[in-house]
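S.K.: For chain A, the structure is supplied; the task is to place chain B on it using the hints.
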Amino acid sequence: MGAWGSQGCCRVGFARDFLEVVAAMRAYPKPLARLIEELEKLPGIGPKSAQRLALHLLRTTEEEASALADAIREVKESIGTCPVCFNYTAGGPCELCSDLQRDDGVLCVVGDARDLMAMERAGSHRGRYHVLQGLISPMEGMGPDSLRIPELLARVREGEFTEVILATNPTVEGDATAMYVARLLKPLGIKVTRIALGLPVGGDLDYADDVTISRSLEGRREM
Amino acid sequence: MRRVRAYRVSSLAIRHRNLGEADRIVVLYTRERGKLSAVAKGVRRTRSKLAGGLQLFSHARVQLAAGRSLEIVTQAQPVHLFYHVREDLQRYAHASYAAELVDVMVEDQAADPALFDLLLSVLQGLDEEGDPPTLIQGFQLKVLGHLGHGPEVESCVGCGTRVGTRGAGFSVAEGGVMCERCGGSRTAARVTPAALQAMRDLVELPMEELARRRLTGSVREELGRLLQPFVEYRLPWPLRSAEFLEM
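Chains A and B, in that order, give the protein sequences. FYI, our numbering numbers position 130 of the first sequence as 135, with every residue one higher than the one before it. FYI, our numbering numbers position 56 of the second sequence as 58, with every residue one higher than the one before it.
Looking at chain A on its own, in the form it has when it is part of the complex (with noise of 0.2 Å):
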């Protein structure tokens, strides 16, 4: 069969599977139509996968469905941003922020909480966190000011930590980001300091780019 001939096929086989959806949606009872649409909203879920969902919860005991039911209502009611780091917490203080242990002397600015909870599995890092919500991106509509940069200056300059670590993505926007707290921080008279940039850990030299390359040649250590 030609290209022509294929990629016709694929779009009159997804437009069947679409038709397939909305005929079996009409077939399904009110509550169960509705749990499949709710279902689809979440990303990655598609009609066939919001479908078998649907029928998998339909089919659990009342005790599981309902600890799902609870437990995505409970984080909803629950879960705020800590005021000191803007981490998810249960009120107050998060536990990372609360915690005694921890050294008060450096502080490790992350993009999100999912960077966050990367650098916690890592558990090299026993200092404190910061969590910007976010990176610059002037295409999507983010800017300095909707992140929580004003809070780690005022967090930097009350506080009594000795480095800040910046470790957001090594992505343009997170190079960018972080270039531009370094400028901000850097007048405060504090250290400074990036993540390592380099080859990662069962990488391949071959397919690394110039950049990547470079970086690793100047972070090159004795050994």
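Treat the hints with care, since some could be wrong.
[To be verified] A partial selection of chain B residues facing chain A, derived with a Cβ cut-off under 8 Å: (1) K51; (2) H86; (3) L91; (4) A95; (5) Y99; (6) E102; (7) V106; (8) W239; (9) P240; (10) S243; (11) F246.
[Said to hold, decoys possible] Cβ pair distances, simulated, as ranges: (12) P240(B) <-> K46(A): 23 to 33 Å; (13) R188(A) <-> P240(B): 24 to 34 Å; (14) Q111(B) <-> S129(A): 45 to 55 Å; (15) R78(A) <-> S220(B): 54 to 64 Å; (16) H86(B) <-> K196(A): 52 to 62 Å.
Simulated from the structure, these hints should not be mistaken for laboratory data. Every residue, glycine too, gets a C-beta built ideally from N, C-alpha and C.
M.R.: Coordinates of chain B only, in the frame set by chain A:
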């Protein structure tokens, strides 16, 4: 049997959006096929072999395969990452504006090598020492001109007579300069001789030359006041990055 259609293009990444767990949809402006969207699988993993060449603004040689609805990136070899753009907020904002302007102004899958070269040269200028406002104002005029929306800078858009630099007006709605007589009767803003001459230079000179020039503060400001609404008037919606040009 299904035919695998893979092809290579020279591309600039102009926008991206995360997809699922570790994938990303990248909007590429390619020299050979114009704007197209492609799925880059696993690109957010640290060990991804695609990540380098698909970063925002990066120039790369990319291999694509025709997918069901979007193309799929199978290889990406970075050519130039324009790394300095991200080290300065002003350059970053201006590069974002250039990418967004192209993204909004062109349709999918319409090859336009000249426009590709314009975008490439403005990113090069921003990555090197070029003055961001000068480069972007030149880029605005060149992109609009290339796509047939550029302002008329030589003759009056009202009566067609050649306009000298003195006493000229500029009309956003009419699409260019106006002579003293026509400009007075319609909604044209005054334009100083210096700004009009600068506008003509920006249209005429190649991007590489603009990268070596710097408009004076007052001319740059005046051109900004004239060109910003002029561009916006010709777009379906205002650009998000426009408000960051003043940073």
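S.K.: Hey, does the S243(B) contact hint survive, CB to chain A under 8 Å?
M.R.: Interface hint status for S243(B): holds (4 Å vs cutoff 8 Å).
S.K.: At a threshold of 8 Å, is the proposed contact between H86(B) and chain A supported by beta-carbon distances?
M.R.: For H86(B), the interface hint is violated, since the closest Cβ of chain A sits about 10 Å away, which is over 8 Å.
S.K.: The hint names P240(B) as touching chain A; please verify it with the least Cβ-Cβ distance against 8 Å.
M.R.: Since the shortest Cβ distance to chain A is 10 Å, the answer is violated.
S.K.: Does 23 to 33 Å hold as the CB distance between P240(B) and K46(A), or does it fail?
M.R.: At 28 Å between Cβs, range holds.
S.K.: Can you verify the interface hint for F246(B): is its Cβ closer than 8 Å to any Cβ in chain A?
M.R.: holds, 4 Å
S.K.: Range first: 54 to 64 Å. Now tell me if the beta carbons of R78(A) and S220(B) are that far apart.
M.R.: holds, 60 Å
S.K.: Tell me if Y99(B) is really an interface residue toward chain A, meaning its C-beta lies closer than 8 Å to one of theirs.
M.R.: Holds, about 7 Å.
S.K.: Can L91(B) be said to touch chain A, with a Cβ gap under 8 Å?
M.R.: The hint holds - L91(B) has a Cβ within 8 Å of chain A, the shortest such distance being about 5 Å.
S.K.: Quick check: does the Cβ-Cβ distance between H86(B) and K196(A) fall within 52 to 62 Å?
M.R.: Given a distance of about 24 Å, which is not inside 52 to 62 Å, the answer is violated.
S.K.: Between Q111(B) and S129(A), does the C-beta distance stay in 45 to 55 Å?
M.R.: holds, 47 Å
S.K.: For the restraint on K51(B), tell me whether the closest CB of chain A is nearer than 8 Å.
M.R.: holds, 4 Å
S.K.: Using 8 Å as the Cβ threshold, decide whether V106(B) counts as touching chain A.
M.R.: This hint is violated: V106(B) lies away from chain A, its Cβ roughly 10 Å from the closest one there, beyond 8 Å.
Violation of the numbered hints given earlier is confined to hints 2, 7, 8, 9, 16; the remaining hints are satisfied by the structure.
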